[in-house]
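Bring the two chains, given one by one in their own frames, into a single complex with the hints.
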Amino acid sequence: MKITLDTDKCCAAGQCVLIAPEVFDQRDEDGIVVLLDDAPPAEQHDAVREAAAICPAAAIEIQA
Amino acid sequence: MSEHGMGAPPAEAPRPIAVVGASAAGLAAAETLRRSGWDGPLVLIGDEPHLPYDRPPLSKQLLLGAWEPDRLLLRTTDQLDPLGLDLRLGTRATGLDAATRTLTLVDGVGIPPLEQGRERGSLACAGVIIATGVTARTLPGAEHLAGVHTLRTLDDALALRARLADGGRRLVIVGNGVLGCEAAAVARGLGHEVTLVGRATVPMAGTVGAEIGGLLAEEHRARSVRLRTGVVDGFETVNGFETGNGFETGNGFKTANGFETAGDRVTGVRLADGTRLPADLVLLAIGSEPAVRWLTDPSLDTVDGLRCDAYCAAAPGIYAAGDVARWDHPVHGRPLRFEHRMNATEQGMAAARNLLAELAGEGIDIPAPDRRPFAPVPYFWSDQYDIKMQAYGLTAGADRTETTVLDRDARRAVALYGRDGTATGVLAIGLPPRQVRALRAVIATPVPWEEARDRIRTATGSG
Ligand SMILES: Cc1cc2nc3c(=O)[nH]c(=O)nc-3n(C[C@H](O)[C@H](O)[C@H](O)COP(=O)(O)OP(=O)(O)OC[C@H]3O[C@@H](n4cnc5c(N)ncnc54)[C@H](O)[C@@H]3O)c2cc1C
Ligand code: SF4
Chain A
1 MKITLDTDKC CAAGQCVLIA PEVFDQRDED GIVVLLDDAP PAEQHDAVRE AAAICPAAAI
61 EIQA
Chain D
65 MSEHGMGAPP AEAPRPIAVV GASAAGLAAA ETLRRSGWDG PLVLIGDEPH LPYDRPPLSK
125 QLLLGAWEPD RLLLRTTDQL DPLGLDLRLG TRATGLDAAT RTLTLVDGVG IPPLEQGRER
185 GSLACAGVII ATGVTARTLP GAEHLAGVHT LRTLDDALAL RARLADGGRR LVIVGNGVLG
245 CEAAAVARGL GHEVTLVGRA TVPMAGTVGA EIGGLLAEEH RARSVRLRTG VVDGFETVNG
305 FETGNGFETG NGFKTANGFE TAGDRVTGVR LADGTRLPAD LVLLAIGSEP AVRWLTDPSL
365 DTVDGLRCDA YCAAAPGIYA AGDVARWDHP VHGRPLRFEH RMNATEQGMA AARNLLAELA
425 GEGIDIPAPD RRPFAPVPYF WSDQYDIKMQ AYGLTAGADR TETTVLDRDA RRAVALYGRD
485 GTATGVLAIG LPPRQVRALR AVIATPVPWE EARDRIRTAT GSG
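Note that the protein sequences, when read in sequence, are chains A and D.
As numbered in the working numbering, residues 1 to 64 make up the first sequence, in order.
As numbered in the working numbering, residues 65 to 527 make up the second sequence, in order.
Hint data in this document are derived by calculation from the structure and do not stem from the laboratory.
Honestly, I wouldn't trust all of these hints.
[Said to hold, decoys possible] Straight-line alpha carbon distances no greater than 25 Å define the calculated DMTMM-like cross-link-like pairs of lysine to aspartate or glutamate that follow: (1) A:Lys2 <-> D:Asp142; (2) D:Lys124 <-> A:Asp6; (3) A:Lys2 <-> A:Asp38; (4) D:Lys452 <-> D:Glu257; (5) D:Lys124 <-> D:Glu112; (6) D:Lys124 <-> A:Asp8; (7) D:Lys452 <-> A:Asp25; (8) D:Lys124 <-> D:Asp230; (9) D:Lys124 <-> A:Asp30; (10) A:Lys2 <-> D:Asp230; (11) D:Lys124 <-> A:Glu61; (12) D:Lys452 <-> D:Asp471; (13) D:Lys452 <-> D:Glu282; (14) D:Lys452 <-> A:Asp6; (15) A:Lys2 <-> A:Glu43; (16) D:Lys452 <-> A:Glu61; (17) D:Lys124 <-> A:Asp46; (18) D:Lys452 <-> A:Glu29; (19) D:Lys452 <-> A:Glu43; (20) D:Lys124 <-> A:Glu43; (21) D:Lys452 <-> A:Asp46; (22) D:Lys124 <-> A:Asp28; (23) A:Lys2 <-> A:Asp46; (24) A:Lys2 <-> D:Asp145.
[Said to hold, decoys possible] Here are the in silico distance ranges between beta carbons for each label pair: (25) D:Thr199 <-> A:Pro41: 42 to 52 Å; (26) A:Asp38 <-> D:Gly351: 48 to 58 Å; (27) D:Arg340 <-> A:Asp28: 28 to 38 Å; (28) A:Glu29 <-> D:Gly351: 27 to 37 Å; (29) A:Asp8 <-> D:Arg287: 18 to 28 Å.
Glycine residues also receive a C-beta, built at the ideal position from the N, C-alpha and C atoms.
Bound-form chain D, shown alone (with noise of 0.2 Å):
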């Protein structure tokens, strides 16, 4: 238990940097470690057994069959072999005591095994980062339904593609977010029957507003895409299994949602208003949860992601970037958790080097400049057809919204998002990339909604 223990590591052998979670956030801030100094050991973990790879081409040129997974790989092993990393894949964190900065991993898995401060599957570090993202979210009643799938990881992404491989198929999308929206372009591409649903009336709504939103309801509706708004009620099942007597029968079970699945294939999806949509296959696109279970220390706010000061920590030594973490941005002055491609990589890096500076501070040898706070400024993107819209700053929970499109044909458009008579987001599609840069400046800090609606003008060339 203790460094005093038999077997315990000699006391001037180094502890470890660990960083939970291997893919987009905690591999840059693996990266930033090495960059910045830290030649200590440095654990990379991570739970899928995939070397870490990108996951916005997943519902993208993956799943439209245009790249093979090896073009998702992030790095090659050449290019990690310098990092010197104690890579453990297939491994889990299943808990992590702040205090003393220790993590506990699931015994008896993990590649290479583990070294480093081995006290029985836990793990003492000098510092930890997580980064261990979300999960997607699903139906009760719908992980054991063959043809109902979600869309997070590698895996799901190429199961999803074997069942969309050929076309024809009744696809119901439920979730009309910016994923049910891509996954809906790709399988219409693939020649499929696709029906979106959502709560909201147009696609998007909640983060983009009702006329970016209305914008992407005409281009789904022009490539003969279903949307409809509704609430999913249950699903419809049949027994899919055939055994050598003919169907086998389920055991049929309602849950306490009144979720009722009989079968064990699902035929189609049933809405609240009563609504019957039949389905082969049935997308669950609705939203996630930050993979924040395995953190149980009440010490850590672990409520809608890991609660972090500015300089995204948790708790001393203890760092969170990515999709899970919910810091407070300076500048906009709350806390917020961004699901964004580009936050992942920005915040990796920023939680990498304040951990270091801390270290630093606590008396260990590595050159480190003072920790500063996590200030960028947020932006994502989506693809869908031929429309990319790109966006910066919040566009989510505006209080005010305008909307200019300029070519509707075209699909050109742009829109401003503001709270508080402060402009904090910009969106465009189908402006040239100047343009967007000259947006992007605008809403780099907040400013008054005035002030920022008249250099949008400026800067588009719509005054």
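In isolation and in its complexed conformation, chain A is listed as follows (with noise of 0.2 Å):
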């Protein structure tokens, strides 16, 4: 799985990081998104997928 960002259309909603801890945080400054992981374990896809799905300003972008 690879995740890419859209960090510029991020609204800091910070639900990504509700969902999966492991693989999303946001900066202290402005709330916008970061990855901490870019490619996630196994375990971590379904919480992932969900992140992007639930993300309100579709920021979120995974590859297979």
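Written out as structure tokens, the structure reads:
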């Protein structure tokens, strides 16, 4: 699984961090998403998919 | 008419699931149906000609001119393709017979042509998810006036943006809710003269209360937005149509509400107290109406949105999601409807899962767990100038509010909202993300007011 972020779109909602805290974090200054792990292990994949689906800014893209 | 009629699909042809409304909620529903194992026909119907796009940037990056429309697409065609959707854009649903789960679609339009279960523009479905959102409210007489705009769709936003492309115009924004405030911030950034008129004395008062509203008012004033309290009584107009023989005269008319529009181009806004506000452009940001007029089946309750149960079901096999849905929030114990981006996605997903669970119960062969009540922690954000406001839970309709301004100049504040002794919502401006997430945890489920207040003080170091 490969994850790409469009930080320009991110509206700092923090939903991704709630769902997959091992993979996503937010910058302290402005809350913009930060990727902690761009190729997370298999047990994280469901959470990452859920985060991408729920992100209200469609800022998280996943390649298979 | 019936399944035995001439030309009807063979009995074994599976009926489709149809999702009406091809925006945030509808797309989330369609994707969830696929991810949860629905491999039967899936129809996504939207009356706009555009691929599903995101609305929040319309009043922000798009209006400002920082983004072009393609940045708003929720999915590229490459991302949509694997869903195997029967995508019908530019197609309006005009009716639903709830008992037979049959949709009526406007005849003669629709791309690609109707295929599955087609019977003269009607579509018999296994299940239907309604995600038709809301439409912008307008004022009588405004529709035909040049210079008067609403802001709900991409086309609306592009039209307004074209008029705001060069600075120095006089823009009157009617309505000081979230949309009016965001548009005011963008228009100021583009160098226009902006007057923000609302019934409430401070912006967004109904949503965030008087104190946060006061903080917003300070920010807008500091940016030279003129704030007015008042009720709009009518428009002042001229005939802007220049013909070969000079200006054409329009047919004046007076509506039931006393709105007078003789000309065809707006030149000002008149308030009930007699104030005249000259305007080159007017934005009506006076709220919206759920898009339920097409749902005339008397078995459906469409007073302020399509009424659903805790599972987002409006009737057997009929679900709703997003701005249009009014459902029984199991935690808050009353019917609620949200016009928040986050809710559109979450509810689209929930409605899709629950519909599949119901269909599995009806004997359709799909793996589906039990239906689950939809009980989200509501969330919304708004961007105005450098201010980012974020709120969790219920902030509107509070009978008690407590606002702590942590730093007036830096516009850092936190506010707690409650009802009947229980804390129901929290709002933050200018707080670091870790603290914002801690605030969410405080009101994820309703907490006694005093306890929530203490926990908020601890979380923000303001105690
Ligand atoms: C300018 C703007 C800024 C916003 N900013 C924010 C923000 O900062 N934060 C936030 O939380 N929320 C924001 N929102 C709200 C958010 O965009 C909505 O909550 C969200 O778009 C709701 O999604 P939806 O899919 O339920 O409805 P909609 O996005 O309204 O989509 C419904 C779709 O259904 C179509 N439709 C309607 N009737 C029919 C029919 N009969 N047949 C076929 N199609 C039909 C409509 O044309 C539309 O495309 C904003 C909204 C706007 C307009
Ligand atoms: S959920 Fe989306 S918008 Fe929110 S912080 Fe994560 S990436 Fe940004």
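Hint check:
{"no.": "1", "hint": "A:Lys2 <-> D:Asp142", "verdict": "17 Å, holds"}
{"no.": "2", "hint": "D:Lys124 <-> A:Asp6", "verdict": "17 Å, holds"}
{"no.": "3", "hint": "A:Lys2 <-> A:Asp38", "verdict": "6 Å, holds"}
{"no.": "4", "hint": "D:Lys452 <-> D:Glu257", "verdict": "23 Å, holds"}
{"no.": "5", "hint": "D:Lys124 <-> D:Glu112", "verdict": "21 Å, holds"}
{"no.": "6", "hint": "D:Lys124 <-> A:Asp8", "verdict": "13 Å, holds"}
{"no.": "7", "hint": "D:Lys452 <-> A:Asp25", "verdict": "18 Å, holds"}
{"no.": "8", "hint": "D:Lys124 <-> D:Asp230", "verdict": "17 Å, holds"}
{"no.": "9", "hint": "D:Lys124 <-> A:Asp30", "verdict": "17 Å, holds"}
{"no.": "10", "hint": "A:Lys2 <-> D:Asp230", "verdict": "42 Å, violated"}
{"no.": "11", "hint": "D:Lys124 <-> A:Glu61", "verdict": "22 Å, holds"}
{"no.": "12", "hint": "D:Lys452 <-> D:Asp471", "verdict": "15 Å, holds"}
{"no.": "13", "hint": "D:Lys452 <-> D:Glu282", "verdict": "15 Å, holds"}
{"no.": "14", "hint": "D:Lys452 <-> A:Asp6", "verdict": "19 Å, holds"}
{"no.": "15", "hint": "A:Lys2 <-> A:Glu43", "verdict": "14 Å, holds"}
{"no.": "16", "hint": "D:Lys452 <-> A:Glu61", "verdict": "24 Å, holds"}
{"no.": "17", "hint": "D:Lys124 <-> A:Asp46", "verdict": "32 Å, violated"}
{"no.": "18", "hint": "D:Lys452 <-> A:Glu29", "verdict": "12 Å, holds"}
{"no.": "19", "hint": "D:Lys452 <-> A:Glu43", "verdict": "34 Å, violated"}
{"no.": "20", "hint": "D:Lys124 <-> A:Glu43", "verdict": "37 Å, violated"}
{"no.": "21", "hint": "D:Lys452 <-> A:Asp46", "verdict": "30 Å, violated"}
{"no.": "22", "hint": "D:Lys124 <-> A:Asp28", "verdict": "23 Å, holds"}
{"no.": "23", "hint": "A:Lys2 <-> A:Asp46", "verdict": "13 Å, holds"}
{"no.": "24", "hint": "A:Lys2 <-> D:Asp145", "verdict": "19 Å, holds"}
{"no.": "25", "hint": "D:Thr199 <-> A:Pro41: 42 to 52 Å", "verdict": "46 Å, holds"}
{"no.": "26", "hint": "A:Asp38 <-> D:Gly351: 48 to 58 Å", "verdict": "42 Å, violated"}
{"no.": "27", "hint": "D:Arg340 <-> A:Asp28: 28 to 38 Å", "verdict": "48 Å, violated"}
{"no.": "28", "hint": "A:Glu29 <-> D:Gly351: 27 to 37 Å", "verdict": "34 Å, holds"}
{"no.": "29", "hint": "A:Asp8 <-> D:Arg287: 18 to 28 Å", "verdict": "23 Å, holds"}
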